[in-house]
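Listed here are the chains, written in short residue letters.
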Amino acid sequence: MSESALGKALRTDPGSFAVRAVSMLFQFVIPLGLAATAISGERGLGNVLTYLVPVALAIVGLSVLIAYLQWTRLTYTVGAEDIRVESGVLSRAARSVPFDRIQDVSLEQKWLPRLFGLVEVKFETGASGGDDLKLAYLSQDEGARLRQTVRSRRDGPTTSGDEPKYPAVEPEPELLFAMPPRRVLAFGIFEFSLAVFAVLGGLAQTFESALPWELWDLGLWQERLAGPGQYLAGLGALAQVVGAIFALLSLALVGVATGVVRTVLREWDFRLERTDKGLRRRRGLLTRTDLVMPVHRVQALRVRTGLIRRRFGWHSLKVVSLASDSGSANHDAAPFARMDEIAPIVRETGFALPHDKLDWHRASGRAHFDSALINFSILTIIATMIAIFSPLWWSALFPFVFGIFAALREIYLWRFNRHALDDTQLYARHGLFAPSTAIGSRVKLQSVDIVQGPIARWRGYADLRLGLAGGRLNLGALPVERAKSLRRALLDSMALLDFSQTMEKGTAPD
Amino acid sequence: MDDPDHLTPLDPAYRSMLRVQFAILAFVLLAAATVAEIAIPGWTGAVWLPVLLLATWLLIRLPMRRYAARGYSLAGERLRVVRGILFRSDTVVPFGRVQHIDVNQGPLERAFRLATLTVHTAGSHNASVSLPGLAHRDALAMREDIRAAIRRNTQ
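Protein sequences, first through last, are from chains H and A.
Residue 1 is where the first sequence starts when you use the numbering used here, and the numbers rise one by one after that.
Residue 1 is where the second sequence starts when you use the numbering used here, and the numbers rise one by one after that.
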């Protein structure tokens with residue numbers, strides 16, 4: 001890109017048109033040829049070719065024409081502040097990416113473009129929709145020049161010296177959290193899982209045809225059990241109860257064993273260290289994974305617990321990081337720990353746990369009342385239908401009781417779901433038996449959304465949905481006024497920092 | 001900027017474009033209803049009449065309501081997009097969180113000189129927020145505004 005080309009709309013390399021034509025050849029002509037030879041066995045090759053060849057030629061001709069039109073209508077412009085790509089024959093699409101948002105430029109060469117000496121240029125930004133700006137294809141030189149241009153544009157005015165900041169000798173990593181074998185085993189016991197039965201069931205179904213009898217045929221089972229079953233029935237009620245308890249115990253044993261094995265495989269020798277580049281986590285018995293979470297890219301935290309484990313004081317800490325970092329955006333930082341072990345890790349990420357002086361707010365009582373009423377009414381209607389039409393009228397009790405539970409659950413959720421806002425962070429607590437607390441940084445949010453359905457509008461409440469890189473943070477059913485004031489406050493703090501600043505080191509809230 | 005009075009309505013041409021869009025839909029529905037009427041013995045009109053009513057509503061009422069329900073604001077370096085008749089959504093993206101910007105035009109939009117502005121963010125929720133029904137000229141101007149703001153803020 002010479003300086004004279006600045007601001008001029010350029011076309012991609014004419015070769016990209018050739019690449020497209022060749023790849024189309026592979027997509028259409030070769031399958032068509034194969035199909036022709038396959039059919040020709042029946043009717044004779046000449047016969048088929050007479051009408052297949054014109055069709056194939058027409059398709060190829062048309063696609064080449066379309067590809068040509070598309071190529072002529074695809075232009076890119078390197079402006080003073082952004083790079084712009086315009087494309088489309090019937091529809092027009094124009095994408096503009098400011099240089100300040102481009103994190104990297106990657107050049108990719110597949111084998112076919114490579115034959116023509118062409119590269120695909122990708123401009124990577126922080127956008128999480130997965131659609132970054134792409135240019136296919138440019139000559140290798142042009143690609144390299146473009147990358148150079150973008151890099152110098154971006155780094156030009158702001159002297160960022162990210163790399164040399166690191167000292168040559170890394171300081172000794174500091175251990176933040178580790179799980180000795182005893183802890184892993186204890187964790188496994190709480191990870192009770194009956195997944196093994198699902199797996200066995202699936203296997204049984206897959207190989208059912210190989211089994212000598214029908215697995216799901218109840219009659220057959222009764223027949224088979226008739227001999228020993230008769231004997232069991234003869235033993236009387238006490239023996240049957242003992243048998244049932246024994247069966248339940250063995251079920252529990254299998255569940256615990258599955259949980260322990262899975263947990264040991266995944267969490268063995270769990271270590272979380274503070275290194276120069278961020279939090280480093282290693283874990284696993286057979287496959288050992290090693291992951292580095294840069295502290296300045298942590299977007300939010302999640303502290304969770306479970307129905308039973310909370311009675312014993314066990315919690316887990318997850319870190320929500322930028323989605324683009326490594327597949328999953330949620331990383332376990334401490335899967336099974338005491339709160340006083342979690343606190344130092346939280347401090348390390350630059351966040352803070354909820355403190356005592358927080359002003360917690362509940363969701364709108366009306367919203368939960370409405371949900372309770374709707375759930376209960378629907379299930380009561382179902383119960384009534386069953387009571388009227390079903391011969392087993394008493395089975396109507398199931399949906400009815402379930403409806404009562406659903407309504408009670410809403411009341412409890414209203415009592416337990418809450419949120420709070422302080423100077424730097426937003427806290428949201430969800431859940432009844434297994435509460436989880438999300439902690440988000442006010443400046444690291446991406447967008448704010450207020451959503452209302454028809455009932456919510458009538459009754460005056462709204463959902464507040466926050467755009468968070470790599471995760472979600474929703475506050476459900478707030479009174480409209482509260483939602484609006486929260487939005488105002490959040491937007492004001494978001495405006496303090498630009499996106500690029502929130503991704504830099506040393507801007508994590510204290 | 002929370003003041004709803006500050007919302008800018010979309011370009012009036014958007015109403016006409018919606019009408020054309022719904023006219024195509026109404027035409028398809030009516031054609032299907034006609035086929036159904038022919039298939040059912042006797043011209044009862046049991047299918048045709050309700051579909052005709054629906055088509056009238058699509059042509060006359062719905063474009064107006066949809067147009068009235070939508071609006072945007074650029075006040076305070078924030079893009080605010082309001083939409084939805086039954087299910088309302090009110091989205092705000094500060095310019096400082098925009099990653100890149102699209103200005104797209106479908107064939108119909110080109111005929112009416114309209115465009116859709118889409119801003120992409122780094123959030124998993126609201127990864128892209130689009131605002132249809134802008135005059136193409138305005139959409140381009142808004143893109144320049146947002147880009148200039150990003151430039152200012154990163155300096």
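Read the hints as simulated data drawn from the structure, not as lab findings.
One or more of the hints may lead you astray.
To be verified - Residues on chain A that point at chain H, a partial pick, calculated with CB under 8 Å:
id, residue
1, Pro-94
2, Ile-101
3, His-125
4, Asp-145
Said to hold, decoys possible - Some, not all, of what chain A presents toward chain H, calculated at C-beta under 7 Å:
id, residue
5, Arg-15
6, Ser-16
7, Thr-91
8, Leu-108
9, Ala-111
10, Arg-113
11, Gly-123
12, Asn-126
13, Ser-130
14, Met-142
All C-beta atoms in this analysis are idealised placements derived from N, C-alpha and C, irrespective of residue type, glycine included.
*Identify every previously stated hint that the structure contradicts and give their numbers, smallest first.*
4, 5, 6, 8, 9, 10, 13 and 14
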